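S.K.: The residues making up each chain are set out below.
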Amino acid sequence: MSKIMTVDVLSSIKGAQPSETVNKLFEVIKNANLTNNNSFNNNHNCVSLNNLREDVVIDSSPLEKQIIIENFPKEKNGYLVVSKVIEE
Amino acid sequence: MDSQIQTIHQQLVDKEITCTALVQSKLDALKQNTNNTVNALLGEKALELAAKVDAKIANGESIGLLEGIPFGIKDVYMVQGTITTASSNLLKNYKSAYTATAIQKLLDAGAIPLVKENCDSFGHGSSSENTIFGAVKNANNPDLVGGGSSGGSAVNVAKDYTVFSIGGDTGGSIRQPAGYNNVYGLKPTYGRISRYGLMAYASSTDCVGPIAKSLEDIRIVLNAMSGKDVKDQTTYASAEIDKDAISTSEDIKTIGYFKNFIESEAIDAEVKADFLATIEKIKAKGIEVKALDFFESNTLVSTYYTLAMAETASNLSRLDGTNYGSRIEAENLKETYSVTRSENFSEETKRRIVGGNQVLSQGFSDEIYLKSLGLRDQISENFEKDFNEVDIILSPVTPSTPPKIGDSLKDPLAMYLSDAYTVGFSLGQLPTLTVPQGTSTGLQITAAKNNDELVLKFANFLKDTI
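From first to last, the protein sequence lines stand for chains A and B.
According to our numbering, the first sequence is numbered sequentially starting from 1.
According to our numbering, the second sequence is numbered sequentially starting from 89.
Don't read these hints as lab results, they were simulated from the structure.
Since we're looking at a predicted model, the values are computed, not measured.
Among the hints, erroneous ones may be present.
Cut-off 25 Å, straight-line C-alpha distance, at most; resulting in silico cross-link-like pairs (SDA-like, lysine to any residue) [stated by the list, open to error]:
id	chain 1	residue 1	chain 2	residue 2
1	B	K319	A	K84
2	B	K180	A	F72
3	A	K65	B	A128
4	B	K144	B	K183
5	B	K369	B	K422
6	A	K84	B	E384
7	A	K74	B	K119
8	B	K319	A	K74
9	A	K30	B	D381
10	A	K14	B	A128
11	A	K24	B	Q168
12	B	K180	A	S60
13	B	K180	A	L63
14	B	K537	A	T35
15	B	K319	A	E70
16	A	K74	B	E419
17	B	K422	A	K30
18	B	K133	A	E64
19	A	K30	B	E384
20	A	K14	B	I220
21	A	K74	B	K183
22	B	K422	A	P73
23	B	K140	B	K180
24	B	K119	B	L129
25	A	K84	B	N420
26	B	K369	B	S352
27	A	K14	B	S449
28	A	K14	B	F452
Each pair of labels, with its calculated beta carbon distance range [what the hints assert, rightly or not]:
id	chain 1	residue 1	chain 2	residue 2	range
29	B	S113	A	L52	43 to 53 Å
30	B	E477	A	T21	31 to 41 Å
31	A	K30	B	A117	43 to 53 Å
32	B	E149	A	P62	28 to 38 Å
33	B	K341	A	K30	33 to 43 Å
34	A	S48	B	E328	18 to 28 Å
35	B	Q99	A	S60	39 to 49 Å
36	A	K30	B	K140	52 to 62 Å
37	B	E417	A	K65	34 to 44 Å
38	A	K30	B	V377	27 to 37 Å
39	A	E27	B	K551	26 to 36 Å
Positions of the beta carbon are idealized from the N, C-alpha and C atoms, including for glycine.
Work the whole structure out from these sequences, hints included.
M.R.: Written out as C-alpha cells, the structure reads:
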C-alpha cells in the first residue's frame, strides 16, 4: 500500500506547494558535477564519539520549571492541555 | 577605532562616568531609535546590574574588563526570564526558561545586556525584513536594508546604541550585516562557541559571534564566549587569543582570492575595482597573492540552501503550538498543528520548511539532499587544498551594495544569490571576519579551521595597510 505524502502534510502547513524559486536551486544541484558520488560525510563535519558527555539526568531548576509552565499555551491545574488525539 | 571596551572600562575605573548613567543613555538611545532595531528592552534588569557595578567601584573594589559594558543580543538567544521571539508570530510571547551558554559567559564576566535585537525570523533572510517588528533600517541610509539576519545587532553597534552585540551566523548572518553597516563581525570556527540556547536554524553551520566597532573588542568578546561546553557536543576547547599574538603578521606570507568571485558578472563594478586595488596594496607589502579556483556561485548558494532548508525543516518541526508558542485551536490535533503553523510562520519561513521537506522526501533525497552533502564535502576538500597553498583567503562580503527596503521580499532568488560570497565559508565551517575596509561593504578574511587567531592577525595587518 503506498500513500503519497504531499509537502503540505509533511510540513503541517495548509495549502503549501513547492516554490518555483526553491526549485531553481534544486535544479542547480541536480545538474552539478559530483566527482566522487558516494563520498559524502567524509568526517569533515562529524562529532567524535570518543568524547561524549555523561548520560545522566540533570534536574531543571524550580525557576526553569515555573517558566516552562508559564509558556503552556493552555493550562489547567498546573497541567498542559492538549488537543484531543484522533485515531485514523 | 580603538577598543571601546577598554576606553569605557578605564572611564568607569577613573570614575569619569557612572555605569548607571552609561546604561541609561544607551537605553534612551535605543528607545528613541527609528531604525527598528529593538524587539525588547531589558531596562530594569540592566539598571539593577549597573547599580551593582557602581557600588563596587564606590567601595574601591576592582572590576573586570567586561564588567558594566552594555551589549545587545540578537533575539534568537535564550536569556532566562526574557521574551525570546525569533522575530516571529509563533514565539511572540515565549519566555526563555534558561540562558544560552555564550550569553551566560558574558553575564558571568559582568557585561550588561540591554536589548533583544530585531532580525529575520528564525534567521531566515538576508535583509532583516522578514520580521514582525518592522524592517531594520541601515545605519548609514534608512532607505536601505540593515542586512541580515543579524540586522538589528549590526545597526545597534554602528549607531553606538550597544558597545558590542551578539549575532548568529548560519550562512553569512553576522558578516553581511556587518559589511552593510561598516562594522566588524566575526563568524568563528564552527564549534568554538557553544550553540546551547541559540534557536537552531541549520545546526551544522549555526555559529555564535560578536559584532563590534574595533578588532580589539571582537578579540575580547570572542575570548569571553569561547570554550568547550558539555551542553553542545560540537564544541571544542580553544586557547585564548592573546593581544600581542595578533600584533605582528610576519608569518603571513601568502594570501589567495577566488578568481570567479571577482570575474563574476554579478559583482558591482565599484566593489570589484576596490577589491582589486586592495589586492595591489597587499602585494606592495611583499605578500604573495594567488588567484584560486573555486565553485560557481550558483553551486555554493544552492548547496547551502538545500542543506539549510533540510535542517530548518527538521529543527522547526517542534514548533507546533503544543508545549509553547501561539497555539491556534482547531477541531483536532493535526488541524491544530497545521493551523498554528500556517498562520504563525512567515512566507519565507514556510518556503524554507517546504523546500526542506521536499528534499528530505523519498525520490528527492538521493538526487538533491545527499548530492548536496557530497558537494559540501568537495567544497571542504577544496578549502583544505587551498590552505596548503595560502595562509589567508580574502573576499568581498557581498557582490553589491545594500538593496532598498522592499526589494528583497519581492525577489527571494536575488536575495539567496546575494549570499554567494558568505555561504561557502559556512559550509566549510571556517573562521571568517568581516572588516569595514577595502570595499563599500567590507572584506572577508578567512583562515583554515580553528585558526581564528590568524584571521585576527591579518585583520590587524590590514588595519594599517589599507
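S.K.: Hint by hint, note whether the structure agrees.
M.R.: Status of each hint after checking the structure:
1. K319(B) to K84(A): violated, 34 Å
2. K180(B) to F72(A): holds, 13 Å
3. K65(A) to A128(B): Judged against 25 Å, a Cα distance of about 23 Å means the pair holds.
4. K144(B) to K183(B): violated, 31 Å
5. K369(B) to K422(B): violated, 61 Å
6. K84(A) to E384(B): This hinted pair is violated, its Cα atoms lying about 51 Å apart.
7. K74(A) to K119(B): Distance ~33 Å between K74(A) and K119(B) Cα, so the pair is violated.
8. K319(B) to K74(A): This hinted pair is violated, its Cα atoms lying about 29 Å apart.
9. K30(A) to D381(B): holds, 22 Å
10. K14(A) to A128(B): Distance ~31 Å between K14(A) and A128(B) Cα, so the pair is violated.
11. K24(A) to Q168(B): violated, 41 Å
12. K180(B) to S60(A): holds, 24 Å
13. K180(B) to L63(A): holds, 21 Å
14. K537(B) to T35(A): Answer holds: K537(B) to T35(A) is near 24 Å, not above 25 Å.
15. K319(B) to E70(A): This hinted pair holds, its Cα atoms lying about 24 Å apart.
16. K74(A) to E419(B): holds, 15 Å
17. K422(B) to K30(A): violated, 34 Å
18. K133(B) to E64(A): holds, 18 Å
19. K30(A) to E384(B): holds, 14 Å
20. K14(A) to I220(B): holds, 21 Å
21. K74(A) to K183(B): holds, 15 Å
22. K422(B) to P73(A): Roughly 16 Å separates the two Cα atoms, so the pair holds.
23. K140(B) to K180(B): violated, 31 Å
24. K119(B) to L129(B): Holds: K119(B) and L129(B) sit about 8 Å apart, inside 25 Å.
25. K84(A) to N420(B): holds, 6 Å
26. K369(B) to S352(B): holds, 22 Å
27. K14(A) to S449(B): holds, 18 Å
28. K14(A) to F452(B): holds, 21 Å
29. S113(B) to L52(A): 43 to 53 Å: Because 47 Å falls inside the window, the suggested range holds.
30. E477(B) to T21(A): 31 to 41 Å: Holds, since E477(B) and T21(A) (Cβ atoms, about 37 Å apart) stay within the stated range.
31. K30(A) to A117(B): 43 to 53 Å: At roughly 50 Å between Cβ atoms, A117(B) and K30(A) fall inside 43 to 53 Å, so the hint holds.
32. E149(B) to P62(A): 28 to 38 Å: holds, 31 Å
33. K341(B) to K30(A): 33 to 43 Å: Hint holds: Cβ distance 41 Å, inside 33 to 43 Å.
34. S48(A) to E328(B): 18 to 28 Å: holds, 23 Å
35. Q99(B) to S60(A): 39 to 49 Å: holds, 40 Å
36. K30(A) to K140(B): 52 to 62 Å: holds, 59 Å
37. E417(B) to K65(A): 34 to 44 Å: 25 Å Cβ-Cβ, so the 34 to 44 Å window is violated.
38. K30(A) to V377(B): 27 to 37 Å: The hint (27 to 37 Å, Cβ to Cβ) holds, given that K30(A) and V377(B) are roughly 36 Å apart.
39. E27(A) to K551(B): 26 to 36 Å: Given a distance of about 43 Å, which is not inside 26 to 36 Å, the answer is violated.
This entry does not satisfy hints 1, 4, 5, 6, 7, 8, 10, 11, 17, 23, 37, 39, going by the numbered hints stated previously.
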